[in-house]
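The hints should help you fit chains C and D onto chain S, whose structure is shown.
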Amino acid sequence: MVETSTDQKQEAKFVPQSEDRKKLLIVCSKGTLDMAFPPFMMATSAAALDWEVHLYFTFWGMDIVTNAKSLKISPLGNPSMGIPNILSIIPGMTSVATYMMKKKMKETGMPTIEHLIKMAKQAGVIFHACSPTMKLSGVTKDDLIPECDDIIGAATFIDMAGEADVTLFI
Amino acid sequence: MVETSTDQKQEAKFVPQSEDRKKLLIVCSKGTLDMAFPPFMMATSAAALDWEVHLYFTFWGMDIVTNAKSLKISPLGNPSMGIPNILSIIPGMTSVATYMMKKKMKETGMPTIEHLIKMAKQAGVIFHACSPTMKLSGVTKDDLIPECDDIIGAATFIDMAGEADVTLFI
Amino acid sequence: MVETSTDQKQEAKFVPQSEDRKKLLIVCSKGTLDMAFPPFMMATSAAALDWEVHLYFTFWGMDIVTNAKSLKISPLGNPSMGIPNILSIIPGMTSVATYMMKKKMKETGMPTIEHLIKMAKQAGVIFHACSPTMKLSGVTKDDLIPECDDIIGAATFIDMAGEADVTLFI
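Protein chains in written order, with numbering that gives the first Met the number 0: chain S, 0 to 169; chain C, 0 to 169; chain D, 0 to 169.
Only chain S is shown next, with the shape it has when bound in the complex (with noise of 0.2 Å):
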């Protein structure tokens, strides 16, 4: 893993890996199971169209590639979910609700959030975690899944947004 810290703007500058190919940019801020989703559905899918695909997990996204297994849903506040939030503040609803999203989407057979992560990176998907969050947040570098290919910062991925087709913030 390259770490490049913020004060080392200089060197940060992004190359792409190729000139050619269509490249997707995702910001995964979120660290909620179910918004943790799309950065992944979208990811394996470009990837598959071979697009270079990068994902930048910064503020609650650092979740995703510190703790996927512990990532939840919360029904509170959330009213798509259908759940009176009198019900919700129960002690124990959170997991409740994160059960039986699992449960449903292993029915209908899509991939784990860990599963994703492994399909990503065999497909190619580049993860960089954000150097300011894990500043903030004490994650260090021994706390990140190896999936992880840097520790990069704001200047960089100013430069990788520079360069990309698609820029997604989610």
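Keep in mind that the hints were calculated from the coordinates and are not lab data. Don't take every hint at face value.
No distinction is drawn between identical chains; accordingly, a pair holds when it is met within one copy or between any pair of copies.
Stated by the list, open to error - With a straight-line Cα cutoff of 27 Å, these simulated DSSO-like cross-link-like pairs (lysine-lysine) come out:
1. K101 <-> K134
2. K134 <-> K68
3. K134 <-> K105
4. K120 <-> K134
5. K117 <-> K134
6. K21 <-> K102
7. K140 <-> K21
8. K120 <-> K105
Predicted model only: the values in this text are computed from it and were never measured.
Frame of chain S; chains C and D shown alone:
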């Protein structure tokens, strides 16, 4: 409505309607009343400026094309609304907040989501439903509003993003 | 400050400052303390790399340009924070979580949002307030911080997005 399953990725190649017009693609992933607005405000504005506009309804955003009338806003966990959580948890408060927002919108002359759907459609905005989300949530073709033009998977979405001038994830 | 109402769409054509510089446009739609950071981290980094940067404050993001000091973070319904909902609901917990996050940020040398606003402005970042949001929420020109450069509608936003190299919705 044309259904393109994810099993037919090869055929799902996106063909833009025109080479000349600017293209906007918006992923609608949220199912709350507040976050349903930005995609339609942008879509109708872009269409008025003669852009080709595509809306891709996925995850919680599927609620917009199945049950727009029932979209709610939750004051829980949303400090911007200024309602203390201990009040927001009271049964019925989500409905009260939703009613208040709709009333405010009506007073200031803002169209409803149902109206915006019709406005967008009349302006030529193209509606896509996400097939993996439908599989996961059990939504069928018959549950979709007639404004939906087709059902597509992630591969077709990536093709579309590759052709778009602007792609946003909301 | 230049006010461009949505009734003057024709005149609102966006003129980029320069043809040569890369352009970044960020929609700031969230009013929580955590989600107020990413736009400013990216904006200041891009400006340091000589990009032309535009921030468009809309929906809950309007709070950033009216009352940045009061932005809060809610642990409710955010499993990433690891605080059980049954504790988060206790009156005052939103303030406690906000205090804790601000303390953590100070300890790790991260600037406050108020400071980031000044840093962004000094670096040439351009601030736009969303006119439909102001109408809906009753915010007037006088409520906006002086850093706001103008008030624009969705049509001008679309023009800007059409000229930008990267457009993000946060």
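Now the hints, each set against the structure:
1. K101 <-> K134: Close across copies (14 Å), not inside one copy (31 Å); limit 27 Å.
2. K134 <-> K68: both (22 Å within a copy, 23 Å between copies)
3. K134 <-> K105: between (35 Å within a copy, 12 Å between copies)
4. K120 <-> K134: Answer is both; intra-copy 25 Å and inter-copy 25 Å each pass.
5. K117 <-> K134: both (26 Å within a copy, 23 Å between copies)
6. K21 <-> K102: Neither: 35 Å inside a copy, 42 Å across copies.
7. K140 <-> K21: Neither way: K140 and K21 sit 30 Å apart in one copy and 32 Å across, limit 27 Å.
8. K120 <-> K105: within (21 Å within a copy, 36 Å between copies)
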